[in-house]
Amino acid sequence: MSTALQIAYLPLTDALPLFVARERGLFQEFGLNVQLRPLKSWAQLRDALLLGDIDAAHCLPGIPLAAQAGLYGATAPLATALSLSHYGNAISLYRPLYDSLVTEGPLNAGLRRHALQCRDSHRPLTLASVFPVSKHEFELRHWLRAMDLDPELDLRLVVIPPPLVAQSLRDRRIDGFCVGEPWNSLTASQGIGQIVASSRSLGLPGLEKVLAVRESWLEHPDHLALIACLQSAGNWLENPANRERAMTWLGAALDLPPGILSPALLATDDGGHAAPLHIDFSGLGRPDRWIARWMLGQMQNNLAIAPLHDPRHICRRAFRCDIYDLAMEIGATPAAIRS
Amino acid sequence: MPAATKDILLIGHDPTLVLALQDAGFVVACVDEDADLYRAVGALQPTAILLHADSPSRDTLEHLASLSRRYPQPALLLHSGQDVEVARQALDLGISAYVSEGLSATAMRALIEVSLQHARQIQSLRKELARSQRSLAERKLIDAAKCQLMEVEGLNEGAAYQRLKTIAMNTRISIGAAARALLQGQDS
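Order-wise, the sequence lines are chains E and R. Just so we're aligned, residue 0 is where the first sequence starts under numbering that gives the first Met the number 0, counting upward by one. Just so we're aligned, residue 0 is where the second sequence starts under numbering that gives the first Met the number 0, counting upward by one.
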């Protein structure tokens, strides 16, 4: 067998399809020899992908878009031909702050008052997202604008990597954050965080993670097989009983008690919660260029980047529906790809 | 004035790298891995930031870089399309650097050279350590096998070692492997 494909991920609940493929032997079934590699930051993952140290990655959709838009230099062509997951982010506030805000009335009014009060102090309201081009950043800004706060003027937005958010919240370096699971459930269980909104409750496009690769690897048979394989892993997760099994695999891989993972994986009764954390893995694998356009627009409106030359072209190159279709056509019979 | 300074912020503690950078003419400040980088970078205004490539703080630095061109930008990205090899080596050795426009190209090259060299030294020390640990473990194995031969077959130490050497030569394996085989044979 050839050398193992290197697939990187960040330790988050939505990396689940990778573990499903490994534990259920799907990689072998699709003729793939895969090594999964946990990394610690999105910047590290992006560089490893660009430099060819890894073949594919569980990745923020904003990274291939930013790469095609030229944010990472001229020679950085990354793309995606598979959407891995939808939803699962949430906004949490420091629990004691939340408690003090809601004693006097609705949260939004209280938070707005608080932000304006300390706006000109040495310590304005400070909220964190996880990466400059992440959807978390746009969700946070959307949520703030809905309560008539200006993210640029009324408070401070920072970036803290997920593994450090809990500590930063405890140390009061930040007052809240928008991050993916399991970090909202984890800080809530520790009594330091209160979940106040989620990507489902905010009503923005749900695309959360994609499988990102270098443009030059798009048509490689291993990539086509990988798409079919991970799509099949995602579909298997449609069944709640399967999710329960998969939760123990993920708990072992991320070294977390399964209870922390269940709000994102098992909460089927979304109607009962104000901010559902439930993640979708099935049925939405084909890259959606409408979402790419929305995301690129958000990047332009919210981040200080130069006007983009041709947004449609960027989206077409970053989100490769044609490759997805090709993979589905021949990926249905795994052996066919190899012959 | 700021354009002339060569202040380096090092994230994480590494006294030998600090010395190496100082020898190369840089002024170095260190902060902890989990320090408040917004405050540290704002206060020190370094012309370059060095950190381990798998430090989670990199995402925070990406944000600082995106805020303004005043802040250090990632240096090992393929910004120019050149130096892919340098970037790859840095990645292999676990270094990443963020560099502001104030740092001259020569100074940046020196900075990256010094850190690469340092990382290579560390890597070769690690290899040396692994080799020593292996040979120590092998030594213990050989001693245990000798003791066993002395006890079971009543040989003296010299003869026991000679026996191991003969087994190794006849089966064309190392003495360590012969010792392991002998001990495992006893177990089964």
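Worth flagging that the hints you see were computed from the coordinates, not collected in a lab. There's no promise every hint is true.
The calculated lysine to any residue pairs, modelled on SDA-like cross-linking and capped at a C-alpha distance of 25 Å, are [stated by the list, open to error]: (1) R/LYS126 - E/SER261; (2) R/LYS126 - E/THR2; (3) R/LYS126 - E/GLN5; (4) R/LYS126 - E/PRO37; (5) R/LYS126 - E/ARG36; (6) R/LYS126 - E/ALA47.
Each hint tested on the structure:
1. Using a Cα cut-off of 25 Å, the hinted pair R/LYS126 and E/SER261 is violated, with the two alpha carbons roughly 43 Å apart.
2. Proposed proximity of R/LYS126 and E/THR2 is supported: the alpha carbons are some 24 Å apart, at most 25 Å.
3. As the CA atoms of R/LYS126 and E/GLN5 are separated by approximately 24 Å, the hinted pair is consistent with the 25 Å bound.
4. With a CA separation close to 24 Å, the supplied pair R/LYS126 and E/PRO37 stays within the 25 Å bound.
5. With a C-alpha separation of about 22 Å, the suggested pairing of R/LYS126 with E/ARG36 holds against the 25 Å cut-off.
6. Pair hint R/LYS126 plus E/ALA47 holds up; C-alpha atoms about 24 Å apart against a cutoff of 25 Å.
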